[in-house]
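Line order of the protein sequences matches chains H and Z. Everything in the first sequence is counted per full-length UniProt numbering, starting at 1 for the first residue and increasing by one. Everything in the second sequence is counted per full-length UniProt numbering, starting at 1 for the first residue and increasing by one.
Source of the hints: derived by calculation from the structure; they are not laboratory data. The reader is advised that the hints may include incorrect statements.
One copy or any two copies: either way a pair holds, since identical chains are not told apart in the list.
As the list claims (entries may be wrong) - Straight-line distance between alpha carbons at most 20 Å, and here's what the computed SDA-like set of lysine to any residue pairs gives: (1) Lys-325 to His-408; (2) Lys-146 to Val-255; (3) Lys-332 to Glu-389; (4) Lys-325 to Glu-406; (5) Lys-146 to Glu-259; (6) Lys-170 to Pro-51.
What follows is each chain in one-letter form.
2 protein chains.
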Amino acid sequence: MMRNFLPRCAPRAAFNAQRSAARGVFSLQAATSRPYSSITPPEAKLQDIDPSKLVIETTKNPKPLKDAKDLVFGANFTDHMLTIEWDKQTGWHQPQITPYQNLSLDPATCVFHYAFECFEGMKAYRSASNQIRLFRPDKNMERFNKSAARIALPTFDSKSLIELISKFVKLESRFIPQQRGYSLYLRPTMIGTQKTLGVGPPGSALLYVIASPVGPYYPTGFKAVSLEATDYAVRAWPGGVGDKKLGANYAPCIVPQREAMSRGFQQNLWLFGEEEYVTEVGTMNFFVVLKNKETGQKELITAPLDGTILEGVTRDSVLSLAREKLAPEGWKIIERKYTMPELAQAAEEGRLVEAFGSGTAAIVSPVRSISWKGKTVNCGLKDNEESGETTMKMKQWMEARQYGDEEHEWSYVCE
Amino acid sequence: MMRNFLPRCAPRAAFNAQRSAARGVFSLQAATSRPYSSITPPEAKLQDIDPSKLVIETTKNPKPLKDAKDLVFGANFTDHMLTIEWDKQTGWHQPQITPYQNLSLDPATCVFHYAFECFEGMKAYRSASNQIRLFRPDKNMERFNKSAARIALPTFDSKSLIELISKFVKLESRFIPQQRGYSLYLRPTMIGTQKTLGVGPPGSALLYVIASPVGPYYPTGFKAVSLEATDYAVRAWPGGVGDKKLGANYAPCIVPQREAMSRGFQQNLWLFGEEEYVTEVGTMNFFVVLKNKETGQKELITAPLDGTILEGVTRDSVLSLAREKLAPEGWKIIERKYTMPELAQAAEEGRLVEAFGSGTAAIVSPVRSISWKGKTVNCGLKDNEESGETTMKMKQWMEARQYGDEEHEWSYVCE
Numbered sequence: 001m002m003r004n005f006l007p008r009c010a011p012r013a014a015f016n017a018q019r020s021a022a023r024g025v026f027s028l029q030a031a032t033s034r035p036y037s038s039i040t041p042p043e044a045k046l047q048d049i050d051p052s053k054l055v056i057e058t059t060k061n062p063k064p065l066k067d068a069k070d071l072v073f074g075a076n077f078t079d080h081m082l083t084i085e086w087d088k089q090t091g092w093h094q095p096q097i098t099p100y101q102n103l104s105l106d107p108a109t110c111v112f113h114y115a116f117e118c119f120e121g122m123k124a125y126r127s128a129s130n131q132i133r134l135f136r137p138d139k140n141m142e143r144f145n146k147s148a149a150r151i152a153l154p155t156f157d158s159k160s161l162i163e164l165i166s167k168f169v170k171l172e173s174r175f176i177p178q179q180r181g182y183s184l185y186l187r188p189t190m191i192g193t194q195k196t197l198g199v200g201p202p203g204s205a206l207l208y209v210i211a212s213p214v215g216p217y218y219p220t221g222f223k224a225v226s227l228e229a230t231d232y233a234v235r236a237w238p239g240g241v242g243d244k245k246l247g248a249n250y251a252p253c254i255v256p257q258r259e260a261m262s263r264g265f266q267q268n269l270w271l272f273g274e275e276e277y278v279t280e281v282g283t284m285n286f287f288v289v290l291k292n293k294e295t296g297q298k299e300l301i302t303a304p305l306d307g308t309i310l311e312g313v314t315r316d317s318v319l320s321l322a323r324e325k326l327a328p329e330g331w332k333i334i335e336r337k338y339t340m341p342e343l344a345q346a347a348e349e350g351r352l353v354e355a356f357g358s359g360t361a362a363i364v365s366p367v368r369s370i371s372w373k374g375k376t377v378n379c380g381l382k383d384n385e386e387s388g389e390t391t392m393k394m395k396q397w398m399e400a401r402q403y404g405d406e407e408h409e410w411s412y413v414c415e
Numbered sequence: 001m002m003r004n005f006l007p008r009c010a011p012r013a014a015f016n017a018q019r020s021a022a023r024g025v026f027s028l029q030a031a032t033s034r035p036y037s038s039i040t041p042p043e044a045k046l047q048d049i050d051p052s053k054l055v056i057e058t059t060k061n062p063k064p065l066k067d068a069k070d071l072v073f074g075a076n077f078t079d080h081m082l083t084i085e086w087d088k089q090t091g092w093h094q095p096q097i098t099p100y101q102n103l104s105l106d107p108a109t110c111v112f113h114y115a116f117e118c119f120e121g122m123k124a125y126r127s128a129s130n131q132i133r134l135f136r137p138d139k140n141m142e143r144f145n146k147s148a149a150r151i152a153l154p155t156f157d158s159k160s161l162i163e164l165i166s167k168f169v170k171l172e173s174r175f176i177p178q179q180r181g182y183s184l185y186l187r188p189t190m191i192g193t194q195k196t197l198g199v200g201p202p203g204s205a206l207l208y209v210i211a212s213p214v215g216p217y218y219p220t221g222f223k224a225v226s227l228e229a230t231d232y233a234v235r236a237w238p239g240g241v242g243d244k245k246l247g248a249n250y251a252p253c254i255v256p257q258r259e260a261m262s263r264g265f266q267q268n269l270w271l272f273g274e275e276e277y278v279t280e281v282g283t284m285n286f287f288v289v290l291k292n293k294e295t296g297q298k299e300l301i302t303a304p305l306d307g308t309i310l311e312g313v314t315r316d317s318v319l320s321l322a323r324e325k326l327a328p329e330g331w332k333i334i335e336r337k338y339t340m341p342e343l344a345q346a347a348e349e350g351r352l353v354e355a356f357g358s359g360t361a362a363i364v365s366p367v368r369s370i371s372w373k374g375k376t377v378n379c380g381l382k383d384n385e386e387s388g389e390t391t392m393k394m395k396q397w398m399e400a401r402q403y404g405d406e407e408h409e410w411s412y413v414c415e
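Please put together the full structure from these sequences, using the hints given.
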């Protein structure tokens, strides 16, 4: 039986007095020279997330475990969910773990109208010695806070949320299979819950974490994908929010993705500007391995964090691993802008060695080719190859730390 | 008593088989060369919205009417709501009018994660002869369909939804006061309701309309506002979605708006590019009245619909009214790009006559000044004036058609 989770909403008379509308948001409140800061107490004085106050209500109807082979990404969830409400008078309320249940929200709730929503994607892994481990949760929490702040949602103490997620994951540990490639996908989400239509900072919010057991992204080994470079739509721009993990960045990506698929490609590649800078692939960061034209030296290149690129945790991990393991072999590890014409030329000259996407779900995802301006840019794989060498190595290096084969500060043991 | 509205979700096994993740959306389905189009039957074969199937369940607990003076924009709603579900197997389900109630949604629902949401803002007015009238609903429906299509949500027959909204508004007509300036604000909304985390086109959706009685935007007459030009954040970009009424365009606007307010301004003015093109004000379109430098002729200028400007219904109405009523007096009505330096120079030369925002809530909203690069650009009002002449006229012309004082094709009588 699903029950309904109904966020409490603190009174917001002061906030409601702000008369703002979707197309016409001049505020009367402001017009009478009452600055916003005077109606919202500074967050520092509000209650932060307090893990010691956690209340747990376990389910009376535990779900049966699915066969590992039947796991589909993000389609089945564990028994419980972690929820923490926030309002601008109190700050963060008592954290709760409850049975997984529907959210009950007024149809005027601001998350439905103005996309007050941000999220994270992270995983919990079961080690050979049966420990449950998170991978770099501090990086996810750092980004979660940045995303929330950018859309006027509340921020929180990262360590406290990691502690709570850790407890939640331990409670759900029966859902994490032991096999390599399996994990528990975690989806921390924050939504604005103010139930008025005025366009303004939400006076209340809900942070929740749900968990979905997932199998390996490539159950039968890597499959290289073919991309279509998108030239008619732009994912992100300077001064925009493309570097934050906001819901707002995702829905607009679907049509270009579907267009690429309708022409037989598996994903689209996002370019930017007249120079046709290569930015991201679908919803992953993008890496290429080039041989330097002058020196013949191998270079691992990805776009820099200039505000248009999502600050991927996997991206950061790939760069770190490359600096640690490939740089000593003479590689250059470079964050810089690079263009589609540059890739096409490198491919023609046999210098485009490898290309792959990076993200939490697949870790790395090898790319066979890019369709661009009617031509096919081959990304270095032979016909019978599904992955380049670096792509394969990256996956192994990463998994060794994710599953705790290699003890490393990136791996966080849940207690 | 609030009850919970629980959208039905048709089975989506085929769709769920698409293994895509937030950071890593290469689809295995696609990797096996099964194009998207083969799993989604073309919409033409699906059921469209059918007003003849409307089912009405009236409330047993009618709400008391609020005092007109206590009405706050979008904070109180009428007794009922109109809902229509969609899924990709059936198309649009039976339309329903039910008591206003919470939505009950799985926490994995795609509207919470990827901003599958778009909306409209429109109003119903009571005429002197007690007719209930909508204003240009065809324009709202046209834009609603464009917004939905851009984020892979379903489209629908505009006339059918207008017919249903018309019935809904008639049922709620006791909430519409007769006084000038009062109306029933209508919020048609569409959200994706698929409850899986894969990033892809939603397999189900919910269209709903809620209604909130509202008072005049300026209860005691116009109040001119002061703006701050935003130079550190960019609202929209060519190839982006800034011309669609998506939730995604709103949450990112709050911080710049709040920043402007913290420095004592009522709203921010959105600029674009190195040229500092003037685009929108807060969440309204923006108009200026300039005297031409050479001819002295008056010009009403607004930014063109180049993909970065919301296609405001009020914007369109202002332009039409100006062409009809001001052009014969020798005015030029111009949609073109114009810059902040150009406005500043015109102000210095005494040629910036007037400036105003336009939107459904306020109709027009007069602007006193723009703070830009440390200087104040005065928009033509004297200290004791709260509105320019054109702004005032526009409001009167518009209201005459909205309230049916002047019979006009823009006004749609609800039956």
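### Structure versus earlier hints - violations, ascending order
none
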